[in-house]
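Participant: From just these sequences and the hints, can you work out the full model?
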Amino acid sequence: MQGDAATIAALFAVDPVGLGGVAVRAPACDNRDQWLALLKSLLPAQTPLRRVPLNINDTALLGGLDLGATLQAGKPMALQGLLSQADGGVLVLAMAERMSLSSAARFGHVLDTGVVALQRDGLDTSAKAKLGLVALDEGASDDEQMPAGLADRLAFRLLMGAQDAGEEGPEWTAQEVLSARQRLPRVTMDDEAVQALCAAALALGIDSLRASVFAVRVARAAAALAGSDTVEEEHTGVAARLVLAPRASRLPPAPEPENETPDSPEDTEQQPEQSTSEPQEAQQQNESNADDEPSDTKDEAPSLPENLADLVLAAAQAAIPDGLLASLKIGKLQRAKTPTSGSAGALQKNALRGRPVGARKGEPRAGQRINVLETLRAAAPWQRLRQRQIAPTDGQKPRIVVRKEDFHVTRFRQSGQTTTVFVVDASGSSALNRLAEAKGAVELLLADCYVRRDSVAVLAFRGQSAELILPPTRSLARAKRSLAGLPGGGGTPLAHAIDASMLLADQLRKKGETPIVVLLTDGKGNIARDGRPGRAQAATDALAAATEMRLRGFSTLLVDTSPQAQDAAKHLANAMGAHYLALPYAGANALNQAVREVAGRS
Amino acid sequence: MSLTFPFSAIVGQDDMKMAIMLTAIDPSIGGVLVLGDRGTGKSTAVRALAALLPKMRAVIACPYGCDPDNAKCPNCVAHATAGRKTESSKKTSHWVSVPVVDLPLGATEDRVVGALDLERALSQGIKAFEPGLLARANRGYLYIDEVNLLEDHLVDLLIDVAASGENVVEREGLSVRHPARFVLIGSGNPEEGELRPQLLDRFGLSVEVKTPDLLAQRVEVVKRRDAFEQSPQAFTEHWKKEDDRVRRSIVAAKKRLPDVAIPDEAREFAAQLCMSLGTDGLRGDLTLVRAARAEAALQGARKVERAHLIRVAPSALRHRLRRNPLDDSGSSTRVERALAELTAPKPDAFNS
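Protein sequence lines correspond, in order, to chains A and B.
Take 1 as the starting number for the first sequence in the working numbering and just add one per residue.
Take 1001 as the starting number for the second sequence in the working numbering and just add one per residue.
Worth flagging that the hints you see were computed from the coordinates, not collected in a lab.
Hints are not guaranteed to be accurate.
[Unchecked claim] Quick list of in silico lysine-lysine cross-link-like pairs, DSBU-like style, CA-CA up to 35 Å:
{"hint": "1", "chain 1": "B", "residue 1": "LYS1017", "chain 2": "A", "residue 2": "LYS130"}
{"hint": "2", "chain 1": "B", "residue 1": "LYS1255", "chain 2": "B", "residue 2": "LYS1303"}
{"hint": "3", "chain 1": "B", "residue 1": "LYS1017", "chain 2": "A", "residue 2": "LYS480"}
{"hint": "4", "chain 1": "B", "residue 1": "LYS1223", "chain 2": "A", "residue 2": "LYS40"}
{"hint": "5", "chain 1": "B", "residue 1": "LYS1303", "chain 2": "B", "residue 2": "LYS1240"}
{"hint": "6", "chain 1": "B", "residue 1": "LYS1241", "chain 2": "A", "residue 2": "LYS128"}
{"hint": "7", "chain 1": "A", "residue 1": "LYS130", "chain 2": "B", "residue 2": "LYS1255"}
{"hint": "8", "chain 1": "A", "residue 1": "LYS130", "chain 2": "B", "residue 2": "LYS1241"}
{"hint": "9", "chain 1": "B", "residue 1": "LYS1223", "chain 2": "B", "residue 2": "LYS1241"}
{"hint": "10", "chain 1": "B", "residue 1": "LYS1210", "chain 2": "A", "residue 2": "LYS361"}
{"hint": "11", "chain 1": "A", "residue 1": "LYS524", "chain 2": "A", "residue 2": "LYS511"}
{"hint": "12", "chain 1": "B", "residue 1": "LYS1240", "chain 2": "B", "residue 2": "LYS1210"}
{"hint": "13", "chain 1": "A", "residue 1": "LYS128", "chain 2": "B", "residue 2": "LYS1303"}
{"hint": "14", "chain 1": "A", "residue 1": "LYS130", "chain 2": "B", "residue 2": "LYS1223"}
{"hint": "15", "chain 1": "B", "residue 1": "LYS1127", "chain 2": "A", "residue 2": "LYS75"}
{"hint": "16", "chain 1": "A", "residue 1": "LYS128", "chain 2": "B", "residue 2": "LYS1240"}
{"hint": "17", "chain 1": "B", "residue 1": "LYS1055", "chain 2": "A", "residue 2": "LYS128"}
{"hint": "18", "chain 1": "B", "residue 1": "LYS1210", "chain 2": "A", "residue 2": "LYS439"}
{"hint": "19", "chain 1": "A", "residue 1": "LYS128", "chain 2": "B", "residue 2": "LYS1223"}
{"hint": "20", "chain 1": "A", "residue 1": "LYS128", "chain 2": "B", "residue 2": "LYS1127"}
Facilitator: Structure follows, in structure tokens:
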């Protein structure tokens, strides 16, 4: 991988603006630092290379009113944001995996347009900001991904481990990069190569057209770096390997004619060793079967018989590591997860924090924050008058006279968001009874959550453990999708489920949201906390977990899904302090009603 | 300003292009909401729109770009009363391009609605109103990229102004109301967040864009993009003719629009369609008919035909359907299904 890392650094240095950037997924380690140092050495001297902290505010990022200078000068002075300061250079984003969607959108906009449009604090300007990004993504698990919208705008993905041996790859010098930059505008590319890259992207299941555009640009940059004026086969190969392969969402239909099944996912996933080992061979085979298998429009295989297309594809395929597709599936499910910025501490009861929603008149006391700008705004119109009134005491008039009535404080609004956590029993006993009905009920509730702008999360438990199948989201479509694909069967790890939901509810509460836990179960646990089967121990553990839940004071609703109302579930509900609802006699609408009541009570 | 990618050079995405052209023909249709996958050229299309629009007449030095025949903003009214006395020169209006105003993310409320002019307040001690983006967008377009990520308090503002066509500013001792009629254009990726139903309703048309999955189309997209980047000048020059043609067709359709008849049958068909889909309110019917009329004008037809209605129905109604979580099919398929049901059983109902 080290060789590729060096190549990526060099290619990016050749065309930082055109290629958007590099998403570096690596822990903070020497390897990463070395790579950054390498990149820095490859970029021409005096290229701005700025680091952006995670929670940078809009004024620092986009620009805004420079209050100090404004007061000095007596007229509005603009503060240049980091984005426009980095014009022509590179910005390094720290902890991109925790970046909020709205920050990502700001960066995305600048990458798209090369301009920072500023409409803030009475300023109306736009500044050039043609730049490349290096997003440092330290996500340790699949849950933590940088916002997909931003990742899509960066040409490269670079995976690095702390332990990766520094296997020597090709080396480039800043001089080579410089001459490649000069050569780049002259590099020509024939249509066949463009076509090959597009075909490969299609075959690898890459939807976004940006990937293809980037692949073309990378091929050009690779040619320029190699000192060639035309894009050759090897350059398109590099582009496919570095740009297309990491984005693959499926493996291309295997070229072997004996592959009789019309590509079921399990089948294709086992193909890589076969089809990638010998690109030449694969190519030949494809040539031979191109005749007896006319291009099928339903199958999205590249219908081009061109050798180049196959070569490009083979190059991309060879770079797809094992298990990537499995992790991609998870990533896909979670890609729209909204990362939150920082962990909030206690419950946000007072209106001293949250989202600022304008300012109001008032003195900054009891921890309320003064809004300097609004205060100045309020004072501004009166300055002439007030200056006249003030007798110059020591020959010097104050520049600005601010009076008590000018003070403004910032108002904050609590997020006040409710998140409903559905804990769905998908074990064998439940599945037999009413998993389908429970799903239906959850869907009804989802519609209600949509109306109330609530978030939902879905936890499912079966077999040995509970699993968060849908992280908190507002997307109804995704909730539906994740529910539809929910399999049933296996044991009932009830204690685990309660623990997991408690953990999630705790997290949500710390973020300042109000969690509501809706547990759909028949109350008959048979897997204990330690994972061993056994009804008695399981019941004790579940009750213990339920008691803890009550002590933490979450709003809970227990929906008994057993055919007849059972004592087990009732006991559990009592221990949990939960609203108890027996589903057999309650339609889905009654369930809906019940959740509303619980929400209203909290 | 750097060159933008020409509108006519956008490959495919006919629905999106149609919707944008229809609102250019008849702004009263309302805005366009473009939802779709990443990297499908949503914002490219909207940014290309500005180059397509025919110029309009506006009062010189009016911050709201008032129409000289219908100047109602406070500035123009003040001028008109003062102008009578001083017998000002005849040349009061000029040709300007239709504003396409970008509402960038991170914009603050004061810049959107307008606020106290800080510079004049600080330097001269004068209390003056500095118009914001809503003022600039008057008679034109307001474009919000990533509309689903817009801050809630800005959404509230927009909902109000988009409905009333007037911006009322009451802040810092200022009390200003000025016209703010604009076509709202929003784009976004639905995976990143939902849109408030009230805001959805403000959009006349909504289109879903998908990545083309035909190789030839994809190759064409990449090639044109590449050609544009290699030499923007030459590329825009190359497509200028085509863009001019689109502009002429918009101008012609605009002229033709008042003469396009809407037969009662067409209204009935639209109403039937809306009823069978159960859309809330009558805005759906109205938008559907207006969009169909603009489409008819664009096609050079004398009256609205069923084909025009069918063509625009998905865009006009898709976002007005009640969410039904138990129905898995997308909104577009539901509209198409309803269309098929309406057209199939009694084909003579409309023609008779």
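Participant: So, for every hint listed, does it hold in this structure?
Facilitator: Going down the list of hints, with the structure as the test:
1. B:LYS1017 to A:LYS130: holds (28 Å)
2. B:LYS1255 to B:LYS1303: Holds, at roughly 14 Å.
3. B:LYS1017 to A:LYS480: Within the cut-off at roughly 31 Å; holds.
4. B:LYS1223 to A:LYS40: Holds. LYS1223 (chain B) to LYS40 (chain A) sits at ~32 Å (cutoff 35 Å).
5. B:LYS1303 to B:LYS1240: holds (31 Å)
6. B:LYS1241 to A:LYS128: holds (30 Å)
7. A:LYS130 to B:LYS1255: Violated: LYS130 (chain A) and LYS1255 (chain B) sit about 42 Å apart, past 35 Å.
8. A:LYS130 to B:LYS1241: Answer holds: LYS130 (chain A) to LYS1241 (chain B) is near 30 Å, not above 35 Å.
9. B:LYS1223 to B:LYS1241: Judged against 35 Å, a Cα distance of about 19 Å means the pair holds.
10. B:LYS1210 to A:LYS361: violated (48 Å)
11. A:LYS524 to A:LYS511: holds (32 Å)
12. B:LYS1240 to B:LYS1210: holds (26 Å)
13. A:LYS128 to B:LYS1303: Cα-Cα ~48 Å, so violated.
14. A:LYS130 to B:LYS1223: holds (22 Å)
15. B:LYS1127 to A:LYS75: holds (14 Å)
16. A:LYS128 to B:LYS1240: holds (26 Å)
17. B:LYS1055 to A:LYS128: holds (27 Å)
18. B:LYS1210 to A:LYS439: holds (30 Å)
19. A:LYS128 to B:LYS1223: Holds. LYS128 (chain A) to LYS1223 (chain B) sits at ~26 Å (cutoff 35 Å).
20. A:LYS128 to B:LYS1127: holds (32 Å)
Of the hints listed earlier, those the structure fails to meet are numbers 7, 10, 13, in rising order.
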